[in-house]
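Visitor: Per the UniProt record's numbering, the sequence shown starts with residue 1, numbered consecutively.
These aren't lab readings, by the way, just hints derived from the structure by calculation.
Don't take every hint at face value.
Here are the simulated lysine to aspartate or glutamate pairs, EDC-like style, with alpha carbons at most 16 angstroms apart [stated by the list, open to error]:
{"hint": "1", "residue 1": "Lys-123", "residue 2": "Glu-81"}
{"hint": "2", "residue 1": "Lys-126", "residue 2": "Asp-72"}
{"hint": "3", "residue 1": "Lys-123", "residue 2": "Glu-86"}
{"hint": "4", "residue 1": "Lys-123", "residue 2": "Asp-72"}
{"hint": "5", "residue 1": "Lys-133", "residue 2": "Asp-72"}
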Amino acid sequence: SLRISQSLPMCEVQQVKELTLVSNISLAEQNLQLQPSLDLQKNQLTSRYRHLQELYDNYQLRKSTLCNSSLDILLALLQAEGAKIEEETENMADSFLDGELPLDCFIDDYQRRRHLAHVRRVKIDKLRELVLKGLTRPQQTPTQPSRPQDFPSTNGAFSPQSTRAAPPPFPQQSGLSYQVAPYPAMPFPSQDPPGYPSSPYIPQPYPQAPQQHPTSPCLPPRTGFIMQ
Numbered sequence: 001s002l003r004i005s006q007s008l009p010m011c012e013v014q015q016v017k018e019l020t021l022v023s024n025i026s027l028a029e030q031n032l033q034l035q036p037s038l039d040l041q042k043n044q045l046t047s048r049y050r051h052l053q054e055l056y057d058n059y060q061l062r063k064s065t066l067c068n069s070s071l072d073i074l075l076a077l078l079q080a081e082g083a084k085i086e087e088e089t090e091n092m093a094d095s096f097l098d099g100e101l102p103l104d105c106f107i108d109d110y111q112r113r114r115h116l117a118h119v120r121r122v123k124i125d126k127l128r129e130l131v132l133k134g135l136t137r138p139q140q141t142p143t144q145p146s147r148p149q150d151f152p153s154t155n156g157a158f159s160p161q162s163t164r165a166a167p168p169p170f171p172q173q174s175g176l177s178y179q180v181a182p183y184p185a186m187p188f189p190s191q192d193p194p195g196y197p198s199s200p201y202i203p204q205p206y207p208q209a210p211q212q213h214p215t216s217p218c219l220p221p222r223t224g225f226i227m228q
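Work out the full structure, taking the sequences as your base and the hints as a guide.
Guide: Set out below in structure tokens:
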């Protein structure tokens, strides 16, 4: 501003000052005009926040009541309230029949109370169903599904292995107090047990073939005979 005032003449500085003052006054007037709207919105915000706080407190109260009480207690309380509203409507009807209540007041109040009585009756029925379900649910034990038996397939060819019964499982030996000697190992074809020859069989000499005709020294031996 000092530079502007030094560069401009004194008359122009005075004009800029007056214009700035006028603009500030107009802005202040506009702000003052918006003050009632601002106060109203502040009041609305405060009331809504207060209503929200009341709803939250009511929610916390109902939540704590629901957690601390069981369904049976709630059902008993609701049944008591339902019986109370039914009795009030009956008394109101009797008073109207006796001429103690005017028609206009009776119609409005009676409809409101009967509506509340029907709503509570529906709630009582639903809550009673929940209580009955909660009582019958622990008594039902889950039944294990039966395992299907394995039957041989009839589509394929018949095989004797399908009809052969499976061998019974080998019983496991329990812990014994004495030592059991192991069975001797089964000899394999490549291992010869002691006391037997090393070869699987003993070669025997061929028996001599009987001589039907004496051979002559000048004749060659006949085929089919073994020479001595």
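Visitor: Provide an ascending list of the numbers of those earlier hints which the structure does not satisfy.
Guide: Hints that this structure does not satisfy do not exist here, as all of them hold.
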